[in-house]
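Join the two chains, each given in its own frame, into one complex according to the hints.
Read top to bottom, the protein sequences are chains A and B.
Counting in my numbering, the final residue of the first sequence is number 210, and the numbers go up one at a time with none missing.
Counting in my numbering, the final residue of the second sequence is number 538, and the numbers go up one at a time with none missing.
If you're looking for bench data, these hints aren't it; they were derived computationally from the structure.
Accuracy of the hints is not assured; some may be wrong.
DEER-style ranges, computed between Cβ atoms [said to hold, decoys possible]:
| # | chain 1 | residue 1 | chain 2 | residue 2 | range |
| --- | --- | --- | --- | --- | --- |
| 1 | A | 90 | B | 531 | 55 to 65 Å |
| 2 | A | 70 | B | 231 | 43 to 53 Å |
| 3 | B | 231 | A | 96 | 19 to 29 Å |
| 4 | A | 73 | B | 421 | 48 to 58 Å |
| 5 | B | 349 | A | 74 | 47 to 57 Å |
Ideal Cβ placement from N, Cα and C applies to all residues, glycine included.
Below are the chains, spelled out letter by letter.
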Amino acid sequence: MDSGVQLPMTGDQQLIQGMLAGDERAFEAFFNAYFARVYRFALPRLNGDAEAAKDVVQATLAKAIRGLAGFRGDSGLFTWICRICRNEVVEHLRARNRGGHVVLIDDHASLRAAVESIEAPEEFDLVKSHGREETARLVRVVLDRLPANYGDALEWKYLEGDSVESIGRRLGIGTVAAQSLLARARIAFREGLEAVFGAEAADIASTLGA
Amino acid sequence: MNDQDLERLLKVAGPRERPPADVEHAVRAVLHAEWRAMLREGRSRRSRFGAFALAASLAVAAVGAWIAGAQFARTPAAVGTLAAANGDVREDAGLFAGWRAVNVGEVVVAGRTLETGAGGRAAIALPGGMSLRLDRDTRIAFVDSSRLQIERGALYLDSGAGQSRTAQLRVETPAGSVQHVGTQYELRLLEAGVQLRVREGRVEFRAPDGSVEHGRVGEQLVIFDDGRVQRATTPRHGASWDWIADAAPDVDIEGMSLARFLSWAGRELGCEVTLGGEIRESDLAAIVVHGSTTGLPPADALHAVLATTNFLATIADGRIVVERRMPG
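Extracted from the complex, chain B is given alone in its bound form (with noise of 0.2 Å):
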């Protein structure tokens, strides 16, 4: 067979079909969802936490009978998980079942309110390695998988590392709309507009008059109510991130190269990881980390992750600095 008849065949039979892309998105957010439940049910079992197995069950049954209902009636859709809840996490389950605590594991789903107390923070696993973070008194509520509307507070989006980027999430204010390209940002409503903060990557504010303002790393803006924008520089660590840290997930380090793990602390504190010495970076990948930091903050994390290994690694300036630790 030769690459003439091959193209010849192909062109006759003509392309596979595309499923259509707003069903290959509402069923990569529901799979999504089903698949965090699953770990979650099985972290669970293993770590014997009673309460906690009992919640991720209930979020599993909630799932499948979802999934196996789905065939029989139109129900709320699944957009993510809740992966940290710190503090008081809530959602409006509807009319007759009013507010109602929502628990690690547990699947959000489109068309319900989901809040934050005024101490409570909250981080959601979404498709495509998306992680949207909750700062304390905040109210938001998914359109559907790749729209959510926020009411009052602040988020973050960071839309992953190194992820395919295909997944969307427009964040929707009363000012007008946000989407990002492949990026990290926060937003946080004012009294008469929105602020933006951009981590990494770029954003897009849409008004609702159609104009377009975009935010480039590094950048804050102020778009106020009446059109008006101002611009400044922020940095992209420090104090004023340090909710995001705040409302992490716990990562699962197990099995995880040393490599990755210093990727993700990175991510979470906003820090470039910059390599000491003679460190090569296939050094990293070849150190398997295990154990567990759950409960720890990111850079408590990162400290105590290098404790277990011959480097160490200093936090200054933005960056992770990564060195061999000195003999004795």
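Okay, chain A solo, but in the shape it has when bound (with noise of 0.2 Å):
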């Protein structure tokens, strides 16, 4: 009997489940597709203050964790950690007395219902008006916005060259299930520029410069 198996651990619910049931895999998994999305989402929001990040998403990821019996799943489980990751940033500056709060270009109300939803477009030059870095941020923050996996299995296809079984055994699954992962997640990735640019990933990567 091959006790080694990592099984995959899929959907917000039955990581829940996991979780509250005490399985390590759960909480590994849970670790792992959060940690370093939240960590990114409260980097920038604090100013790039490393120190500051550490204890606000040791807090956020604390709170949600206690939560996470209470979590109704009216909204995806990132979007709602991304909740409580604003309170603790809100929280974090005033317990300073910084009252430099940073707004992000994601955090303007139209754009940030576009990514927490990847709904509706929103249709203006975001180079133009936030510069090229804060838009090469924002493609970043859609990858952070799809469902568990998806960006990370995009960044390992395309940026890292990855083959398919390669990332179907960095995701503990079989390379059927990763061809798919990946199938799901380039739709996903071009609905979610589609709702947040208005625009196709060939007009955002020449409008980047490439």
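Take a look at the structure:
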């Protein structure tokens, strides 16, 4: 009997049930799915203060873990965690009497709604109004907003040049499942780009100067 | 959107930033301890064990206070949770607090010395599914979540089955340090060196002079302070490993599949699980176990659980052989 197989843990509800049942694999899946994404969410809102980001992310995820049993699923798990994180950022800045709350491009009310729902298109020239770096960051935000593993799979495939077999191994799933996940990830990414930028990947890449 | 467009955009946008590894490691340890404390609190409430619930609540309050206070002051980092205590287990809580008993469910923090008494054994749950066991009369101190020092006695580390294997723990001894590579091993301090017994996987021993010795599964290494190394074979099961089971934490079997329960039992007992006859692993995966084996050592828990099924198990020669129970 192979006791070394790492079962894939997919779906918010499955993850939450596993966490509440004390399944170590669920804790690992939860941490691996959300830690880096929440860190990237918090860091720019704290002016790049890495020490503060560590404290805020820790407090955010601790509160999320404590609140899992009450998570109703009205939004995606990551969206819910990001809301907790926003509050933690505000609390952190307030505790340190730092009024300089960082408002990011994706905190802009209409864009935030698009990023959170990946539904409503917002058409304006982001590069012109916010600059190339901020726009590139927003592309990475869209990756982070995709369901767990999608962003990782796309980066592994297109930035690191991983094969589908290798991606399957990294995710603990088979090659066919990895192929299917990549296809879904591409669709979700395209939809996310269209919701946030109102444009396709080729146009955004051209605008960014590729 | 074709593949080329996608690749072009991702390349021009650049890779997403990775948090620093030390931050990831530290936060993982704190959250793991917080999660374990939360679970313990819930179980205590359900079990209505007043005193136990109080201890767990205190632990949770301590973690909560730590997390809330983390924004204001540097405090000791949580590295794990005491998962089982058999007899006297205590920690040095500082200059003014002195030695105090540690209860199951309490958070273990870096920088404090933890010891078992002459009749005590303990298990500590660590991030990444790792389990650390302390034999009698053992003293350790975590430097941080990835490093501990052992002053006396013996410990056993199980890096966990089916885990991501990303969690690492280096054990430092007066004679050198030990790093595991996905493994189960025992380390015992001797008068003039250390003894390592490898039950699964591989360990790396690094002496202060930089020389490295590798221990493989089924090997026993005695590394003397003067640099001599003696190697011998060692069984992966049997009486010399019994203390590991004695220090094992209770496992919550409610809702667990029989396949996973057998995997746990095999790991605790150092045995390979063998399915007899026509039994398939999928048969066992489909059976859900209910109830509790609290207080039972792994071998007794195995027989107790299987008694409620159509299977029985025989433990012999490093194997748990599972067979169908004969009718009648």
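Results for each hint:
Checked against the given bound of 55 to 65 Å, the beta carbons of residue 90 of chain A and residue 531 of chain B, roughly 60 Å apart, stay inside it. At about 32 Å, the beta-carbon gap between residue 70 of chain A and residue 231 of chain B misses the expected band of 43 to 53 Å. Separated by about 26 Å at the C-beta atoms, residue 231 of chain B and residue 96 of chain A satisfy the suggested range of 19 to 29 Å. Distance hint check for residue 73 of chain A and residue 421 of chain B: the Cβ-Cβ separation is about 56 Å, which falls inside the suggested range of 48 to 58 Å.
At about 50 Å, the CB distance of residue 349 of chain B to residue 74 of chain A agrees with the hint of 47 to 57 Å.
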